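Chains as they are written, first to last, in the working numbering: chain A, 17 to 409; chain B, 193 to 450.
If you're looking for bench data, these hints aren't it; they were derived computationally from the structure.
Note that the coordinates shown come from a computational prediction; the quantities given were computed from them, not determined experimentally.
You can take every hint at face value.
Cut-off 16 Å, straight-line C-alpha distance, at most; resulting in silico cross-link-like pairs (EDC-like, lysine to aspartate or glutamate): (1) A:LYS31 / A:GLU354; (2) B:LYS222 / B:ASP399; (3) B:LYS266 / A:GLU227; (4) B:LYS223 / B:ASP417; (5) A:LYS22 / B:GLU320; (6) B:LYS368 / B:ASP396; (7) A:LYS25 / B:GLU320; (8) B:LYS353 / B:GLU341; (9) B:LYS222 / B:GLU260.
Computed Cβ-Cβ distance ranges for the label pairs, DEER-style: (10) B:PHE309 / A:THR238: 12 to 20 Å; (11) B:SER317 / A:TYR33: 16 to 24 Å; (12) B:SER317 / A:GLY38: 27 to 35 Å.
Just so you know, even glycine gets a beta-carbon here, dropped at the ideal spot from N, CA and C.
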Amino acid sequence: MSNYFKNIKNAFKLKHYVNYIGVGAVLLLFTVLYYVGALNRATPNLLIQIGYSIILAVSLNLVVGLLGELSLGHAGFMCVGAYLGATVANALAGTLPLTLVLIISILAGGVSAAVFGFIVGLPALRLRGDYLAIVTLAFGEIVRNICKNLPFFGGAQGLQSEFYTEYLKAGKRALPLFIPTFIAVLFMLFVVQNLIRSKHGRAITAIRDNEIAAKAMGVNVTYYKLFVFVVSAFFAGVAGVIYTGTTSPIQYSFFSYNYSIEILVMVVLGGMGSIGGSIISAILITYINFALKSMLSGDMAAVKTLVYALILIVMVIYKNAPALKNVREKFNLQNLKEKIMSKVFKVKSSESDIRDDAGEWDEIPTKIITDEVLSTDFNLTTYTPDKPDKNQK
Amino acid sequence: MSENYVLKTENLGISFGGLKAAQDVNLKIKKNEIYGLIGPNGAGKTTVFNMLTGVYQPTYGTFYLNGEELKGLKQEAINQKGIARTFQNIRLFNNMSVIRNVMVGLHNNPAFKCNPFVSMFRLPSHFETEKNMRNKAKELLKIFGLLEERNILACNLPYGKQRKLEIARALATGPKLLLLDEPAAGMNPQETAELMETIKFVRDNFDMTILLIEHDMSLVSGICDRLTVLNFGQVLAEGNVDEVLNNPEVVRAYLGDD
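Produce the complete structure using the sequences and hints provided.
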C-alpha cells in the first residue's frame, strides 16, 4: 500500500492537476458564497449549465480531439440520458433522499446512454470522417423524435421532471444541485485524464495520428474506437440527467442538432485534444449565452443568435488572421506563463518544452552526459537525468 | 516440412478486378536470414507486403509463419502473431514524442497487460506497467541511438533517424519476422552504410528474420543472403545474390533489351 502512494508521488506533476485545482476552486468558492447567501437566484442555475457543458465538451473532445473522429450526435446521447434518467428519478422521487435519487438516476442515465453508444458505434465506426458525422447526426435526430412521439415519455408536451419540482420544493434545505454537478465534473476529469495519460490513451492518439500504422503495430483499432465512443456517450448521458434537474418538463427540442454543433464549437474553440481548453471554452460560451439571454429580452431576443455568431467569427479571425500575428504572439497564455515563471518563480522555461497532449510526460530533455550513455556499464533502470539547473542563466 | 521456414508462402496471389497484381509468389525464408525482395517499379513488391500483413486479403494461395497459417487474419492479429513491418513512406505517430512512438509498439506485449479500467481509476498495477514500459522503451531507444532525442516530437527527427525509429517501433511489438519496405529510400551513401549495420545488428541481437524490399543494389548485395525478383507480379528469379543479379532475365527486366 505504501508502495502505491510512493508510485503516485513519483508520477506527481503539478501540470496534471491544474484542471482539478481550477474546477475545485470554483466549486469551493461558490459553495462558500451560496451558504453565506451572497449568490443571487440565477447564479446556481448558471453554474449547473456550466457544469454540464464542461462534461459535454470534454467528453466530445475525447472523440473529436483525441480519437480524431467527427461525431455530431452528442446531444442525442444526452437526450437518451435525460429521458431515461428522468424516468428513473420520477419513479424514485419522494421515497429516497434527493441526493441519493440523483446519484442513482445519473448512473442509470449514463449507463443507458453508454449502451446506446455501443449499439450505434458498432456499425457506425466502420465509417469514417464525413460519413460517420452524418450517421451520428441522424442518430441524434432519430432519438429525439422517438422521445417526442412515445406516449411513455409524455409525448410532445415533454416529460415532467419530478426531480426539478422536488428541488424547488426543498429549496434551501436541499443540497444545491450545482455541488453534485461539479463533483460529477471532477469525476469525469479524473476518468478522462487518467485514460488519456495511460497506455490506452497512447493507443487512442496513435489511431488519430496514423490509423494504418496503429493497426500495423497491433493496436486493436475497432476496440479502442468503440471504447472511446462508449465512454463519451456515458458522460453525455450524465450531463443529460443533470440537465433534467434544471427544468421541467423536459423538451425534446432542446436536444436538436444545433446543440450538438454548439458542443462541437466548444471543443474546436478550446483546441482539439486540449482538456483545459475545452473547460475554458465551455465556461465562456455558456456564460456568453446566458448573458445575452438576460441582456436581450423581449423583441431583441432574436438578435441573440446573431451576436453569438459574431463573437465566434471574431474569435476565429483573431486566432487565424495573418495580419494579427504580432498581436497574438504578444498576448498569449504561453507568454504569460513564461513571464510569471521567470518573474515570480525565477525559472527559465526550457526551449525544448514540447507540446504533446496525450500520455505522461517524460523528463524534460536536458543535457545528458554522452559518456555516461555510451559507456557499457550504464544502467537504464537506475539512470535519472539531471534536473535543469535553476540558477543557470 | 514447413516448420523449417519462418515464412513460407504458397502460390500467394491477388487480383484487383482483372489486374493480377501478384501471382504465384512462393517465398521460403529460413530463420535468421536476410531475404531481399526486388524488382522494377510496379512489380508488386509492396502488394506482397500488404498481403503478408493483412492490409489486403490474398485472392489465391496462403502463407505460414513458423508453420501456422495466418491467411485471413486482421492486421492487428497478424502483428500479434509476429509479423511487424515498416512503411515505404514513413508512417510515424507524428504528434507524439519519440519514446511514446516506441511505447505504442509495446502496447500488446504480454508483460505490460493493463485493463483500461485499471488505468482509468489508477489502480496499483497501472504505475508498475507504465514504469516498466518506459524502461523497456528506453532500452530499445538506447540500442538505436535515439535515447537523447526521446522527448522530441517524431516529426522533428532527421530523416535517417525517423527510419531508425520506425524499425525500433516495429521491433517493440516483439516480432518473429520483420518486413522492411525500402528502408534506404532517400538516404545518402553514408546513412545507407549505417543502416546496413543496423539491419545486421538487429538480425544478430534480436534473433530476427528479415524480409526487405530495396532498390539500392549496394545494400541488397551487401547484406541479403538470398533474393527473389518480381516483375509484373510474377517471380522472375530467386536464389543467391550473385546468381540472381547476373541472371540475364533480371538484367533485362531492369535495363530493357539490348
